[in-house]
Amino acid sequence: MKTTRYKDYDWWLIISALLLTMFGIIMIYSASFPLAIDIYDNASHFFDRQLIWFVVGMGLLVFFMHFRYDMWRKLSPLLILGSVLLLITVLLVGTHIRGATSWITIGPFTIQPSEFVKLAVIIYLAQVYSQKQAYINKFISGVLPPLVVVVFIFSLIMLQPDLGTAAAILMTAGIIVFLSGAKWRHLTVLALLSGGVITYFAISESYRMQRLIAFRDPFETAERASGGAYQLIQSYISFAHGGLTGTGLGQSVQKMHYLPDPHTDFILAVIAEELGIFGIGFVLLCLLMIAWRGVLAGIRCRQTFGTLLAFGIVFQLVSQAIVNAGAASGLLPITGLPFPFLSYGGSSLLVSLASIGIVANISREGNRIKREQDENQAA
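So in the numbering used here, spot 104 of the sequence shown is number 102, and the numbers just go up one at a time.
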């Protein structure tokens, strides 16, 4: 009986996420050791920390694999309340790093609460909109009320400020509203309002404007190349240097204090330089497998809540990966969003692995029901 139960899990989903995570840990060591030696006199400083987060994240993945996903319905109000309290705490006593107060320091570690808030918002919206199916076509009573909560959370994150995370939450909220069955005219209004708000914040600060200018033409002037476009130019060099097969694991030149954030926002550039197109292909293959199996879990789920939850999680993970990859390759503006499973950062890794655990449980329930139906028909 126990063997049958574990056969119900989607091991393609779980193994793909674990392969991507372990690959990321290896690349974090490779990308970070020059910086780690320079700052901490310890080549494995970032590697050791990510390994600790990986162990904790594995515990979360296993736990949530066995935690019935429909229990999140009851917990969603507490998750939203906790998210608001966390974000307020960050603003009051948070750690200020690189112009943003987005972290809370706990001993030798820092956590980024907004990463956990992203998952909480998905759970909350999936729960609320699954209950509003009877009147989802009504804007005032059906679509709007949960979005008031989202806008409030968006505002708290923008006070840090962190436009990348805030925009990611808005986009995920939009896809959940769309999948809930809202009318097209309501979706159009929401898309225009969201786009306008994001555009306003994107051009209201000079450093964000520099990123937009860098995205458009990083080589336009020497002054811009030394400012907002510097990261992108160094990333271009990494991709060009790597070519098809790469320079070899550990052999990146750009990570030697040329490419900023080589183990976080621009880890994909180091992968491209050291492992070439084949390394990038492996990352994309794992990501596509996660997306495919996550969508399949949502389609097979018999409950609207589970479907919206699976789709919301998959969209959050995949869209964030696309935005990060687009920034590293110059196809999209630099937002500061990490690549799920790959980039250094405990909060992002914990939430990514926990999210896979939730989707795995949704998939298990769908497979279990299908298996039991097949067994009944066979009997």
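Just so you know, the hints here were simulated from the structure itself, not pulled from any lab data. The structure displayed is predicted, hence computed values, not measured ones. Beta carbons are placed, not taken as given, at the ideal position from N, Cα and C, and that holds for glycine. Please note: incorrect hints may appear among the correct ones.
Unchecked claim - Restraint-style ranges between C-beta atoms, simulated for each label pair:
hint, residue 1, residue 2, range
1, V82, D46, 28 to 36 Å
2, V53, W9, 31 to 39 Å
3, F176, G57, 29 to 37 Å
4, T186, N40, 50 to 58 Å
- Message: Taking the earlier hints as the rules, which of them does this structure contradict?
- Response: Violated hint: only 2; rest satisfied.
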